[in-house]
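2 protein chains.
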Amino acid sequence: MHSLIKELLFKKLANPVLGQLSDAAVIRYKEGVAFTTDSFVVNPLDFPGGDIGKLAVCGTVNDLLMQGARPEYLSLALIIEEGFDYRHLEKIIDSVAFWAKRANVLIAAGDLKVVEAGAADKIFINTSGIGRLVRGRNLSVKNIRAKDKIIITGSIAEHGFAVLSSRRSLNLGFEIKSDCSSLNNLLLPLIKSFNQIKFMRDPTRGGLATTLNEAAESSGLAMMIDESAIPVSGKVRAAAELLGIDPLYVASEGRAVIVIAPEAAKKAIAMLRKHPLGRGACLIGEVAKSPKARVVLKTAVGTERIVDMLIAEPLPRIC
Amino acid sequence: MHSLIKELLFKKLANPVLGQLSDAAVIRYKEGVAFTTDSFVVNPLDFPGGDIGKLAVCGTVNDLLMQGARPEYLSLALIIEEGFDYRHLEKIIDSVAFWAKRANVLIAAGDLKVVEAGAADKIFINTSGIGRLVRGRNLSVKNIRAKDKIIITGSIAEHGFAVLSSRRSLNLGFEIKSDCSSLNNLLLPLIKSFNQIKFMRDPTRGGLATTLNEAAESSGLAMMIDESAIPVSGKVRAAAELLGIDPLYVASEGRAVIVIAPEAAKKAIAMLRKHPLGRGACLIGEVAKSPKARVVLKTAVGTERIVDMLIAEPLPRIC
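Sequence lines, in order, name chains A and B.
Residues in the first sequence are numbered from 165 upward in steps of one, following the numbering used here.
Residues in the second sequence are numbered from 165 upward in steps of one, following the numbering used here.
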């Protein structure tokens with residue numbers, strides 16, 4: 165089994181860096197690099213619009229992009245429960261290979277651990293990633309200023325509801341497709357074109373509300389958002405009502421929140437909308453000086469309310 | 165729980181790179197970097213001479229060193245079973261922080277996933293690492309030539325037997341201490357001093373026999389080793405006999421196999437022996453042209469036998 169899996173990995177993920185077969189891949193860099201890590205424990209492993217392999221590639225690729233870096237190399241570490249179906253594993257590795265190619269990243273390093281039955285739930289995947297910073301770009305929450313505009317690249321919460329709706333215990337009666345995607349082709353041209361981008365973040369765990377709260381806390385500024393401007397699909401709205409879950413707190417895996425200087429916002433949205441993954445890009449709000457470190461939602465009926473940080477994790481194993 | 169753990173991580177692992185609190189850490193590099201990943205699923209979490217936290221740091225640090233790189237940044241990704249004892253977690257994070265400091269690496273990126281009780285066995289840790297190549301060094305199995313000497317930096321198999329002996333199901337009647345250590349201070353000066361080093365590898369999973377078989381296979385050369393020269397402690401010898409396990413196949417986590425040009429071997433061993441972690445350094449054999457891609461052991465009684473690649477994994481969850 166072990167050697168079968170090794171063969172599988174090397175065959176499907178072959179590239180010149182991984183091919184070195186050493187303890188560490190060697191990469192030649194001349195500039196600053198971004199470095200990130202994420203473990204994926206999603207349950208179930210397959211959901212409408214994706215699977216754990218796609219998620220593990222896209223999640224880490226997007227984390228590098230959020231830093232203003234061109235994703236280049238990923239590591240792939242698998243923890244597999246003994247007895248896990250080999251054909252299913254093959255499908256997952258195919259998915260990793262496919263999405264790595266699509267995202268233009270090489271799997272540079274790998275690891276595989278098999279644990280006894282019952283010691284892990286089927287398969288967990290860790291991907292770490294490194295990427296080269298786009299020259300002259302330095303995205304950071306520290307760059308955010310009052311009057312900056314807040315953009316979202318598409319409708320929210322589809323990933324989280326897709327995973328929930330594919331769990332056997334739930335039956336929504338309709339399918340929601342995850343937005344899970346790697347955003348290289350959408351965001352790299354944008355990063356290069358606009359030096360007015362201050363900050364980017366993908367609203368994954370905890371959703372848009374958590375991402376904006378983190379930005380508010382770290383910058384000490386207020387994120388003022390407009391409920392009626394936030395794109396939410398009809399299916400997500402319906403699922404949210406049925407399940408009693410606020411979509412503001414539900415993960416996307418193929419969207420980005422972008423904070424940008426006011427003069428560049430319109431042009432950036434126009435550019436985003438030209439790409440299939442950015443067709444739903446919207447201006448959803450702006451940054452203000454007060455209330456300090458808070459997210460404020462202007463509701464559809466015209467009132468305002470504080471959107472708090474998520475206290476507990478309501479949706480376990482969404483990614 | 166979740167926020168408690170986050171606080172714990174940030175408090176214990178604080179450093180300027182992690183402090184950026186972004187999706188990806190940003191690192192300024194000007195030269196080639198080495199990149200590696202490893203997941204740790206060791207059972208039990210504590211064993212004589214170490215614990216999963218120490219192992220997760222030292223294992224990845226050593227993988228970078230084996231490539232001739234100075235370890236600089238690690239990522240740390242935890243998968244924790246719901247209900248795992250918080251004090252135990254704190255102890256593990258203390259160990260990560262302590263050994264990271266000792267190995268002179270920064271924890272630059274992190275991730276935390278909590279899965280429901282029963283979905284993982286207590287805690288799994290992934291560390292990925294990046295390091296800067298020592299200038300002018302390019303270690304690779306491709307550099308190995310016939311007549312090169314094979315060195316081991318100390319006695320073998322102590323880590324594997326330490327973990328085994330600390331499992332409740334086994335009672336050896338004596339304790340074996342793991343050799344688990346980060347080898348920066350032993351190996352960086354050596355790498356800088358000797359441009360005759362061809363190849364290095366830490367004999368972890370599958371032990372010395374597997375490491376040498378991989379080198380033999382990749383180089384197409386023969387690794388001729390001398391049984392009487394291989395350092396094995398008395399306790400390891402006793403445990404090996406009791407359990408019927410060949411120490412050649414058992415993991416070390418603080419040793420390195422070094423292949424070096426013949427003229428430099430003696431001086432390298434003398435330098436290794438000056439350091440506490442290299443006191444047991446020995447010349448254990450040399451490279452030959454044939455039998456191609458094989459490891460040959462000259463036994464204590466003067467006969468020769470082929471040391472095969474490990475077929476099955478005899479010791480699960482050793483690291």
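Treat the hints with care, as some may be off.
Identical copies go unnamed one by one, so any copy, or any two together, can satisfy a pair.
No more than 25 Å apart at the CA atoms, straight line, and that leaves these computed lysine-lysine pairs for PhoX-like [claimed, not checked]:
1. K356 to K430
2. K255 to K456
3. K194 to K356
4. K306 to K176
5. K399 to K431
6. K438 to K176
7. K462 to K341
8. K175 to K306
What the hints contain is simulated information worked out from the structure, not anything from laboratory work.
Here's how the hints hold up against the structure:
1. In this assembly of identical chains, K356 and K430 lie within 25 Å of each other by CA distance solely inside one copy; the values are 16 Å within and 55 Å between copies.
2. With identical chains, the CA atoms of K255 and K456 are never at most 25 Å apart, being 48 Å at best within one copy and 36 Å at best between copies.
3. Taking identical chains as interchangeable, the C-alpha atoms of K194 and K356 lie at most 25 Å apart whether they share a chain (19 Å) or sit on different chains (22 Å).
4. In the homo-oligomer, the alpha carbons of K306 and K176 lie at most 25 Å apart only across protomers (24 Å), although the nearest pairing inside one protomer, at 41 Å, exceeds that limit.
5. In this assembly of identical chains, K399 and K431 lie within 25 Å of each other by CA distance neither inside one copy nor across copies; the values are 30 Å within and 71 Å between.
6. Taking CA atoms no more than 25 Å apart as the test, K438 paired with K176 passes in neither setting, with 33 Å inside one copy and 45 Å between copies.
7. Taking the closest pair of Cα atoms, K462 and K341 never come within 25 Å of each other, the shortest separation being 28 Å inside a single copy and 62 Å across copies.
8. Taking the closest pair of Cα atoms, K175 and K306 come within 25 Å of each other only across two copies (21 Å); inside a single copy the shortest separation is 44 Å, beyond that limit.
In terms of the numbered hints stated before, the structure departs from hints 2, 5, 6, 7, listed from lowest to highest.
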